[in-house]
Amino acid sequence: MQAAKTDRDLVVLCSDSRGSASLTPFFEAYPEQSVEVGIAEQDLVGIAAGLASCGKRAFAASPASFITTRSYEQCKVDCAYSDTNVKLIGISGGVSYGALGMSHHSCQDIAAMSAIPNMRVYLPSDRFQTARLVQALLQDEKTAYVRVGRNAVDDVYTEENCPFEMDHATWVRGNADQEVDVALIACGELVRPAADAADMLTEAGVKASVLDMYCVKPLDANGVLAAASHARVVLSVEEASPYGGLGSQIAQVVGEGCPRPVRTLSLPDAPVVTGTSKEVFAHYGLDAQGIAASAREFLTAAENQRGRAN
Amino acid sequence: MATVSELKALRWDLRQRCVDIIMAGGGGHIGGDMSVIDALMVLYKNHLNITPETQNDPNRDRFVLSKGHAMEAYYAILCEQGFLDFDDVKARFSKFDSPYIGHPNNKLPGIEMNSGSLGHGLPVAVGMALAARMDGRSYRTYVAMGDGELAEGSVWEGAMAGSNFGLDNLCALIDRNRLQISGSTESVMKQDSQEERWASFGWNVLSIPGNDIEAIDAALTLASETKGKPTAIILNTTKGFGSPLMENKASWHHHLPTQEEYEQISADFAAHKEADIRG
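Chains R and U supply the protein sequences, listed in that same order.
Going left to right, the first sequence walks through residues 1 to 310 as full-length UniProt numbering numbers them.
Going left to right, the second sequence walks through residues 1 to 279 as full-length UniProt numbering numbers them.
Incorrect hints may appear among the rest.
What the hints assert, rightly or not - With a straight-line Cα cutoff of 27 Å, these simulated BS3-like cross-link-like pairs (lysine-lysine) come out:
| # | chain 1 | residue 1 | chain 2 | residue 2 |
| --- | --- | --- | --- | --- |
| 1 | U | Lys-107 | R | Lys-142 |
| 2 | U | Lys-249 | U | Lys-273 |
| 3 | U | Lys-107 | R | Lys-217 |
Said to hold, decoys possible - A few chain U positions that, by computed beta-carbon distances, are all more than 12 Å from chain R:
| # | residue |
| --- | --- |
| 4 | Gln-16 |
| 5 | Asp-20 |
| 6 | Ser-98 |
| 7 | Leu-118 |
| 8 | Pro-123 |
| 9 | Leu-130 |
| 10 | Ile-181 |
Keep in mind that the hints were calculated from the coordinates and are not lab data.
Yeah, the Cβ is synthetic: ideal placement off N, Cα and C, and Gly gets one too.
Model the full structure from these sequences, guided by the hints.
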């Protein structure tokens, strides 16, 4: 909103999604910088690319499930391939629309968007980091996909303390020099549960670090290696299907640069059970308790495996 | 501005260059090239305010080749207008690591947007036309589509938006050659009546003989004078226009001429040129 005051080239587009995207105030304040395309996501992304090719900073907002898969080819050809400055904002990402079923869940978006050359993928973890990220994205001229959730989530940071460096992961627990038992690398809404899990583990005498990998692509490989090289095992945590997401990308980096056992905590390769996000996370062990339990189990399994190997 | 008689000669030279590029590269979409090339020529010669010198000017007119497979026709006109070097294009078209690929790529001078997958150009052009209005600029945006392409739903999303926003600075050129790769458009998926379809979407519709230079020129002028709505020019063309060998034959969608066919096609072009010059 503030940026639009001074930046007349900032344009926001939506596909009958201004309410869900909390864009109604923007549309009312800046009608001449707002574009409503109706329920037509391919059109949304194509029009955004056309605007961007003429010098506009186009932010296109639509439910994550639709803007990524319904408009996938427009994201690929009109944005990434044509190299236009379109920021694709996937709202209500992951299982935000819990009870609405698989049509409305976006569990493939990380893998799908990461697979497009010249596409960046960001999953900020709370409102403060989202604000820092948007500020950074307003400064650059390339396309990117940003997935945000629908429901209010517990903050990871505070207004005063939200360390942010573009394309560098943020240490939420531990640091690059600290030896731990388990390194938790998470993105999006699951950073906070990962941090809570780390606190539970620490209390129980298991040392854990947490890296907020909001920049899934370009993945902060140095951050991943720093976390992995100081840990016995690596656990990735994401609100996505198990294939091609954050965990897969971390496993590639760790496997090549610093072999450690890597386990991916994610949603299943199946239609996700319906319920609120919290209920769904708890069901699949993606809440703090579940993440902590997986960490313990994984450490034990890795220890046993090492024992057998010796 | 080129005169009608200049254009009548040039259209055959452009066709010849188009076929030369295809022969050199060992492939291309010859049928659609031949049907759309007259419209591209008239557009670039007499309507678009874009030159190699003004290709980054914010006031330049925009053109998007949505039927991106007609790339050889696009190369021919971009070379003619000085954006690209014909000998270079011919030498490297479709070769390993060449910038001259079979679809538009905006790494090349004069090309605004990448295309290739069909149904993308119109929404993009709507965005360009909207940007002109937001910025108070007078440039116009043109997009060329094939008729087979009109089966893509995204075309109609763009058509809906173009009229919804009243974009009279937007013009769609529809190459209605009535053939697509598998056969006639009416046998694959009915497209008639395009005139009624575009009109029902709120567009100003001009249906013209699509390989007639004067008709194309007049329609583009009419489109630019139309207020309050975008214009769709239905170009009723002949696929493969210029040689009986390939005219109205679906198999020539991307047929590579044999040497014998090449010579026949070249002779047919030369005869057409001669006849057009004589009037």
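Quiz item: When you check the alpha-carbon spacing of Lys-107(U) and Lys-217(R), does it fall within 27 Å?
Solution: The given pair, whose Cα atoms are some 24 Å apart, holds under the 27 Å limit.
Quiz item: With d taken as the least Cβ-Cβ distance between Leu-118(U) and chain R, does d exceed 12 Å?
Solution: Leu-118(U) is in fact no farther than 12 Å from some Cβ atom of chain R, at 10 Å.
Quiz item: When you check the alpha-carbon spacing of Lys-107(U) and Lys-142(R), does it fall within 27 Å?
Solution: 15 Å, holds
Quiz item: CA of Lys-249(U) to CA of Lys-273(U), is that 27 Å or under?
Solution: Holds, at roughly 22 Å.
Self-check item: Pro-123(U) non-interfacial with respect to chain R [C-beta, more than 12 Å]
Solution: 3 Å, violated
Quiz prompt | Reported absence of Ser-98(U) from the contact zone with chain R (all CB gaps over 12 Å) | solution = 17 Å, holds
Practice problem: Please settle this one: Gln-16(U) was flagged as non-interface, so is its CB more than 12 Å from every CB on chain R? | Solution: 31 Å, holds
Quiz item: Closest CB-CB distance from Asp-20(U) to chain R, is it above 12 Å?
Solution: About 28 Å separates Asp-20(U) from the closest Cβ of chain R, which puts it past 12 Å; holds.
Practice problem: Evaluate the condition: distance from the CB of Ile-181(U) to the nearest CB of chain R exceeds 12 Å. | Solution: The claim stands: Ile-181(U) keeps its Cβ more than 12 Å from every Cβ of chain R (closest is about 19 Å).
Quiz prompt | Status of Leu-130(U), Cβ more than 12 Å from any chain R Cβ | solution = Leu-130(U) not clear of chain R: closest Cβ-Cβ about 6 Å, inside 12 Å.
In summary, the numbered hints that this structure violates are 7, 8, 9.
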